[in-house]
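K.L.:
Chain residues, written in single-letter form:
Protein chains: 2
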Amino acid sequence: MSLAHGYAAQDAHSPLVPFAFERRSPGPNDIRVEILYSGICHSDLHQSRDDWGGALFPMVPGHEIVGRVAEVGADVKKFKVGDIAGIGCMVDSCRHCDNCKADLEQYCFEGATWTYNAKERGGERLTFGGYSDHIVVDERFAVKISPKLDLKAVAPLLCAGITTYSPLRHWQVGPGQKVGVIGLGGLGHMGVKFAKAMGAHVVMITTTPEKGADAKRLGADEVLVSRDADAMGAHAGSFDFLLNTIPVGHDVNPYAALLKRDATMVLVGALTELEPPLRGVNLMFGRKRISGSAIGGMAETQEMMDFCAEHGIVSDIETIAIQDVNQAYERMLKNDVRYRFVIDMATLERAPA
Amino acid sequence: MSLAHGYAAQDAHSPLVPFAFERRSPGPNDIRVEILYSGICHSDLHQSRDDWGGALFPMVPGHEIVGRVAEVGADVKKFKVGDIAGIGCMVDSCRHCDNCKADLEQYCFEGATWTYNAKERGGERLTFGGYSDHIVVDERFAVKISPKLDLKAVAPLLCAGITTYSPLRHWQVGPGQKVGVIGLGGLGHMGVKFAKAMGAHVVMITTTPEKGADAKRLGADEVLVSRDADAMGAHAGSFDFLLNTIPVGHDVNPYAALLKRDATMVLVGALTELEPPLRGVNLMFGRKRISGSAIGGMAETQEMMDFCAEHGIVSDIETIAIQDVNQAYERMLKNDVRYRFVIDMATLERAPA
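Chains A and B are the protein sequences, given in the same order. Heads up, the first sequence is in our numbering, so the first residue is 7 and it goes up one at a time. Heads up, the second sequence is in our numbering, so the first residue is 7 and it goes up one at a time.
None of these hints come from the bench; they were simulated from the model. Where hints are given, some of them may not hold.
[Unchecked claim] When the alpha-carbon atoms are kept at most 30 Å apart in a straight line, the in silico DSSO-like pairs for lysine-lysine are as follows:
| no. | chain 1 | residue 1 | chain 2 | residue 2 |
| --- | --- | --- | --- | --- |
| 1 | B | K266 | A | K125 |
| 2 | B | K107 | A | K184 |
| 3 | A | K266 | B | K107 |
| 4 | B | K184 | A | K107 |
| 5 | B | K125 | A | K266 |
[What the hints assert, rightly or not] Listing some non-contacts, in silico: residues in chain B with all C-beta distances to chain A over 10 Å:
| no. | residue |
| --- | --- |
| 6 | L132 |
| 7 | A203 |
| 8 | R233 |
| 9 | E336 |
[To be verified] Selected chain B positions facing chain A (in silico; Cβ < 7 Å):
| no. | residue |
| --- | --- |
| 10 | L273 |
| 11 | E281 |
| 12 | L284 |
| 13 | F291 |
| 14 | R293 |
| 15 | I296 |
| 16 | G298 |
| 17 | S299 |
| 18 | A300 |
Yeah, the Cβ is synthetic: ideal placement off N, Cα and C, and Gly gets one too.
Build out the structure end to end from the sequences listed, making use of the hints.
P.N.:
Rendered as C-alpha cells:
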C-alpha cells in the first residue's frame, strides 16, 4: 500500500475536498504512475453529484489521466520507468469474454471496472480516479504517449478523444465522405479534429451560430445551424455519417433526416431517453441507422494516441489548479469552457494523512 | 380509358362500397392485369379511415395484387398475355435519382407513386388499388409469378412478403445466425418463414404465449415470450439480428437488450413514435443498431417471388368475398386473422357505371 492524496466528493451534495487514501502496491503486471494532468469530464460532475444514481463515496473522480511511470511490476513489458502513460475510463475487465478477447473491454460481458466510482475487480475496495497524485494500474489498461505531444492537452484524449475516434474509425469515415459532428463541446471539438484528419468533409452541426467561427478554426469545412429549418432542409439526405455528441436526451428526428440512405448516426453522449421520441418512419424511408458507441478498447485507445502523435492532435483545454475544481464544475454547467478543463496535478497540496 | 369496377371508401367514416371508375388505356410500356386476388394489408384500413392524415377519396385500397396479364403495350418485354403478374405498393417512381438507379424505387428521392391513395405521376388523377377487377401498370412495377404457386396465397407477398424479405436479405441473415422475429401477424409470420428458409435459427418473440405452437408450425425453432423477464434476460445479448414487425409505436429498449454487440434491429411496422423513448445507453454499450426498412425495390421483389417459388413459400391466408371486406376490417382490428385476408376478386359484382 502507498498513501495517495487527491480531491474527493464525500457525498452527492458537497464540494470536492482534499482527501488522503491508499493505493495498492504494484503487482507484477502493474505500473505506478505519478499523475501530471487530469482532465475533467462532464461525467465527473454527474457522478460526483450522483445524478445517475448508485454513486460510491468517497469518490475521487478523473478518468483522463496522463502521468509518468514511476515503478513497474516484474512482468511489465510495455512500460519502463520514466515513460509517459495514459489511463482512461477503465482499469480492468474480465479479460475472457468475447468482447474482451476482441479488444473491446469497454463492452465486457461482466462489466468493465471503471477508473472511479466502482469497486476493484473481485473485491470491495473502491477505485479512485485521476484527481490525485498517483495511480496503480495493470499495464493492459494504460497506453503509451509520445512525449512530443503537449501532455496537458493529451489528457482529454483518454475519454473525449477515444469516444469520438472509435466510432469514426469503426464506421470507416474517410475521404469522399460528408460527415456531420453534432454538438460542439468536449466531445464535438475532438470529433471535428479527428474527422478532418481522417480526410472527410466535415460539417459542424450546432444550435449556436456563434460557435461557427471556432468550428472552422478546429477544422470544420461547413457549419450547419440546426435551428435553421431551411438550412437543415438543404442538407437533407446528404450525410454519410453523423457523430452525435449531444450529452443529454434530445430529439434525434431532425438529424435522422440528414442521413443518406443506409447511413448511420452514432450517439456518444446521450445516455438517457431520446425525447421527443424517435419516429420509426424516419428510419424506414432510407434504411437509416442509429447506433451508439462507448469510449473504445485499449488497443484502439493506443491506436488513437499514435494517430494523435502522427497528426499533432490534442484537445483545446484550459488548465486549472486542483483548488479550482469546484468552480470549474460550475463553469461547465454553463458551458463556459473551450473545450475541456485539465487539472495540473502539480498544484495538489498534500492533505494530512 | 376502360371502365373498372371495385370497392372504395368514399370518405374516412363510411364502409367500403361498390365503385366504378376509369383506368387508363395501356401505354407502350404498360400491362393490363385482370385481378384474381387482392390481399388486405393493415395499412388499407388505416388509410381508408384516414388514420395517418392526407387521405385522398374516393379510395380503392389494395396493394397486394395478383392477376393475369390481359393486354400488353407495344414495348413490353417482361410479360405476355396470360402470364401471372404481381403488383405491390408502388406503381411508379422518378426513375432517375440515385435510389431509383440503385433499384430501390421505394426510397425514390422524389417519392414513389403509391398504388392507391396517391396521384398518378405528373398528374392529378388518383391511383386506385387492387380491390378492383383490373389494373394498368408499367411493367417495371409488376413482377412475374410462377403459376405453380397457390396464387391466392401469393398476394400478401407483394407487401407483407417483401417488407420482411428485404431486410433479412440486406442484413445477410443466414446459417449460423440467431434471428428474432418480433410480433406474429401478417408481417411476422412471413418473417419466420423467410428467416427459416434462409437457414437461420429463428426465435419467435411475442407477447402472447398462445401463439407459440403456431410459430413453431411456421418454422420457428424457439419461442420467447417478451413479457417473461427471466426468459428475456436469458436471451440478452444473444441475437445476431432482430426483425421487429410490431405495427405501432412501442418500447424498443427491452428488444435492444437482446442484441449482440454490433447487431441490428430493423423496424418494419412501427411508423410512429417509439414510446416510451429509446435510451441512448442501450445502444452505446455494445454498439447496437436500430434501423428501419420499407418494402423493397422491384428487382428485389422479383428476387423474393423467385425465392418463394423455389422454396414453396406463400402466406397463410383466409380468403373472403369482396362483399365481406368491411367485416374483415373489423376482425383485423381484433387481430382475428391467421395471418392475412385475401379477397377473391371473382366475387366482385359489376357495379352500375
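K.L.:
All the hints need checking, so say for each whether the structure fits it.
P.N.:
These are the hints, each one checked on the structure:
{"no.": "1", "hint": "B:K266 / A:K125", "result": "holds, 26 Å"}
{"no.": "2", "hint": "B:K107 / A:K184", "result": "holds, 21 Å"}
{"no.": "3", "hint": "A:K266 / B:K107", "result": "holds, 15 Å"}
{"no.": "4", "hint": "B:K184 / A:K107", "result": "holds, 21 Å"}
{"no.": "5", "hint": "B:K125 / A:K266", "result": "holds, 26 Å"}
{"no.": "6", "hint": "L132", "result": "holds, 22 Å"}
{"no.": "7", "hint": "A203", "result": "holds, 22 Å"}
{"no.": "8", "hint": "R233", "result": "holds, 21 Å"}
{"no.": "9", "hint": "E336", "result": "holds, 26 Å"}
{"no.": "10", "hint": "L273", "result": "holds, 5 Å"}
{"no.": "11", "hint": "E281", "result": "holds, 5 Å"}
{"no.": "12", "hint": "L284", "result": "holds, 5 Å"}
{"no.": "13", "hint": "F291", "result": "holds, 6 Å"}
{"no.": "14", "hint": "R293", "result": "holds, 5 Å"}
{"no.": "15", "hint": "I296", "result": "holds, 5 Å"}
{"no.": "16", "hint": "G298", "result": "holds, 3 Å"}
{"no.": "17", "hint": "S299", "result": "holds, 5 Å"}
{"no.": "18", "hint": "A300", "result": "holds, 4 Å"}
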